[in-house]
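Residue numbering for the sequence shown follows my numbering, beginning at 7 and increasing consecutively.
Any given hint could turn out to be false.
Computed list of lysine-lysine pairs in DSSO-like fashion (alpha-carbon distance at most 27 Å, straight line) [as the list claims (entries may be wrong)]:
hint	residue 1	residue 2
1	K237	K251
2	K65	K205
3	K54	K251
4	K251	K239
5	K224	K251
6	K239	K224
7	K65	K237
8	K54	K257
9	K54	K252
10	K237	K205
11	K281	K252
12	K224	K281
13	K205	K132
14	K65	K281
15	K132	K237
16	K257	K281
17	K281	K54
18	K237	K227
19	K65	K239
20	K227	K132
21	K281	K205
22	K65	K251
23	K239	K132
24	K257	K227
25	K252	K227
26	K205	K252
27	K281	K227
28	K251	K281
29	K237	K257
30	K239	K54
31	K239	K257
32	K237	K224
33	K251	K227
34	K252	K237
Simulated restraints, written as ranges between beta carbons of each label pair [unchecked claim]:
hint	residue 1	residue 2	range
35	W50	D11	37 to 43 Å
36	K24	L58	41 to 47 Å
37	R15	W39	22 to 28 Å
38	E179	I21	54 to 60 Å
39	E179	R283	30 to 36 Å
40	A27	P95	54 to 60 Å
Just so you know, these hints were derived from the structure itself, not from any lab.
Don't be surprised by glycine CBs; every beta carbon is placed ideally from N, CA and C.
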Amino acid sequence: MPILDGFVRVCGLTIRRKHMASAARIIAQTCEWYLSCHWNQQYWDMSKNGELLPLEHLKSCTETGNGVTIFDIGANRGDYARLASTVLPNSIVHCFEIIPDTRLTLRKMLSGMSNVIISDYGLSNKSGSLDVVCESENDERAHVKSRYDTEGGYLSSVRVTTGDSYVGERGIERIDLLKIDTEGHDMMVLEGFRDSLNKGVIRIVQFEYGYTWIRSRKLLKDAYELLESSKYKVGRLYPDGVMFKKYNWVKDEHYRMGNYVAVHERSEDIFNLLKLRNL
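Generate the whole structure from the sequences, applying the supplied hints.
Pasting the structure below:
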C-alpha cells in the first residue's frame, strides 16, 4: 500500500527530527511504560508478578508439600523465604545472603522458623572470597565488584562456595526450586551448580536477568546454553505463566529486569502447569 508506506515514512522522519519536542517525549515515555508492562519488567510484587506460580504448582505436584527443598540465593531480608514457607509450610528452605549486615537482619526476620537454614556465606562459581560493593548497611543493591565498577560505596570481602559443594557436603539429593536473585551474579551462581544441573538434581530454576548483568559481562545466552545443555526448558516469567522459548539474541538480549524460569525435562507436570496458554 504505497499511501500507507508513505505516511509511515513521513511519520518516522518527523519523529526523528522532532524527538526532543514535548509531545514526542511524552509519547516515547508512554511507549517505554507500555514495553515495561509488556515484559513484566521491574515488577517486584511477588503476589502478582508470577513468582507465586512455581511455588503453587510445586505444591500441587508434590503430595502435601512434604519433603520439598528450596534454595533462596540472595535471600536479602527473607521475603521470598517467608512466602515459600507460607505456600509450602512443610518445606525446607536453604537461605544464602552474601552481605554480612543483611544476613544479620535476615536471621532476625526469620527467627523462629524451624524450616529455614541460613548459611554464613554466599554462593558463586568457585570457593574462596569475593569483594562486594555496598552503598550502605543492608544495601539491597549490593553487588560483586568487577573491574568495570565506577560507583562509590565501600568494599566488603565475603566468603563464598559453590552450590555443588554445598549439595555434596550435605548429601542433598534433590532441589525442587532453586531461586537466584543476586544483583547480576546470577550466572556465576548457576555455574556453581553445573554438576547438579547436569544430573537433573534441580527441578525448577528461577533467576533474575536484566541490566545488572552488564556489570558482570554476562548474557542471557550464557544461561540458556548452560540450562538447555542440561535438559531444561527456559522462558521469561509473567503473571499468568512462563513463555518458554528458544533463545533469540535479537529479541531476547534486551537486559530488561525480570525473572526467568527453567524446568527440567523430567518435571513435565510442572512444565505443563507453568507454560503460557495464550500463545
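Here is how each hint holds up against the structure:
1. For the given pair, K237 sits about 13 Å from K251 by alpha-carbon distance, which is consistent with the 27 Å threshold.
2. For a cut-off of 27 Å, the pair hint linking K65 to K205 stands: about 23 Å separates their Cα positions.
3. Between K54 and K251 the CA atoms are separated by roughly 22 Å; this keeps the pair inside 27 Å, and the hint holds.
4. With a CA separation close to 8 Å, the supplied pair K251 and K239 stays within the 27 Å bound.
5. Simply put, K224 and K251 have alpha-carbon atoms about 20 Å apart, close enough for the 27 Å limit, and the pair holds.
6. Restraint check for K239 and K224: satisfied, since their Cα atoms lie roughly 20 Å apart, inside the 27 Å limit.
7. The hinted pair formed by K65 and K237 meets the criterion: a straight-line CA distance of about 22 Å does not exceed 27 Å.
8. For the hint pairing K54 with K257, the CA-to-CA distance comes to about 25 Å; that is within 27 Å, so the pair holds.
9. Only pairs whose Cα atoms come within 27 Å are accepted, and K54 paired with K252 is accepted, the gap being roughly 25 Å.
10. This hinted pair checks out: K237 and K205 have alpha carbons roughly 10 Å apart, not beyond 27 Å.
11. As the CA atoms of K281 and K252 are separated by approximately 13 Å, the hinted pair is consistent with the 27 Å bound.
12. A C-alpha spacing of about 26 Å is found between K224 and K281, which places the hinted pair at or below 27 Å, so the restraint holds.
13. This hinted pair checks out: K205 and K132 have alpha carbons roughly 19 Å apart, not beyond 27 Å.
14. Simply put, K65 and K281 have alpha-carbon atoms about 16 Å apart, close enough for the 27 Å limit, and the pair holds.
15. Between K132 and K237 the CA atoms are separated by roughly 23 Å; this keeps the pair inside 27 Å, and the hint holds.
16. As the CA atoms of K257 and K281 are separated by approximately 19 Å, the hinted pair is consistent with the 27 Å bound.
17. Among the hinted pairs, K281 with K54 is consistent with the structure: their alpha-carbon atoms are about 17 Å apart, no more than 27 Å.
18. Only pairs whose Cα atoms come within 27 Å are accepted, and K237 paired with K227 is accepted, the gap being roughly 15 Å.
19. A distance of roughly 20 Å separates the Cα atoms of K65 and K239; the hinted pair therefore holds under the 27 Å criterion.
20. Proposed proximity of K227 and K132 is supported: the alpha carbons are some 21 Å apart, at most 27 Å.
21. Our distance criterion of 27 Å between C-alpha atoms is met by K281 and K205, whose separation comes to about 23 Å.
22. Pair hint K65 plus K251 holds up; C-alpha atoms about 24 Å apart against a cutoff of 27 Å.
23. Proposed proximity of K239 and K132 is supported: the alpha carbons are some 25 Å apart, at most 27 Å.
24. Note on K257 and K227: the hinted pairing holds, with a Cα-Cα distance of about 11 Å set against a maximum of 27 Å.
25. Taking the CA atoms of K252 and K227, the gap is near 10 Å; set against the 27 Å cutoff, the hint holds.
26. A distance of roughly 22 Å separates the Cα atoms of K205 and K252; the hinted pair therefore holds under the 27 Å criterion.
27. Restraint check: the Cα-Cα separation between K281 and K227 comes to about 20 Å, which is no more than 27 Å; the hinted pair holds.
28. For the given pair, K251 sits about 10 Å from K281 by alpha-carbon distance, which is consistent with the 27 Å threshold.
29. Distance restraint check for K237 and K257: the Cα-Cα separation of roughly 22 Å lies within the 27 Å cut-off, and the hinted pair is therefore satisfied.
30. A distance of roughly 23 Å separates the Cα atoms of K239 and K54; the hinted pair therefore holds under the 27 Å criterion.
31. The suggested pairing of K239 with K257 holds, with an alpha-carbon distance near 17 Å, which does not exceed 27 Å.
32. Taking the CA atoms of K237 and K224, the gap is near 21 Å; set against the 27 Å cutoff, the hint holds.
33. For the hint linking K251 to K227, the alpha-carbon distance of about 12 Å falls within 27 Å, and the restraint holds.
34. Note on K252 and K237: the hinted pairing holds, with a Cα-Cα distance of about 13 Å set against a maximum of 27 Å.
35. One distance hint, 37 to 43 Å for the beta-carbon pair W50 and D11, holds here, with the actual separation near 42 Å.
36. In this structure, K24 and L58 meet the distance hint of 41 to 47 Å, their C-beta atoms being roughly 44 Å apart.
37. At about 26 Å, the CB distance of R15 to W39 agrees with the hint of 22 to 28 Å.
38. A beta carbon spacing of about 58 Å between E179 and I21 agrees with the range 54 to 60 Å that was offered as a hint.
39. Checked against the given bound of 30 to 36 Å, the beta carbons of E179 and R283, roughly 33 Å apart, stay inside it.
40. As the Cβ distance of A27 to P95 is approximately 56 Å, the hint placing it in 54 to 60 Å holds.
Consistency with the previously given hints is maintained throughout, with no hint failing.
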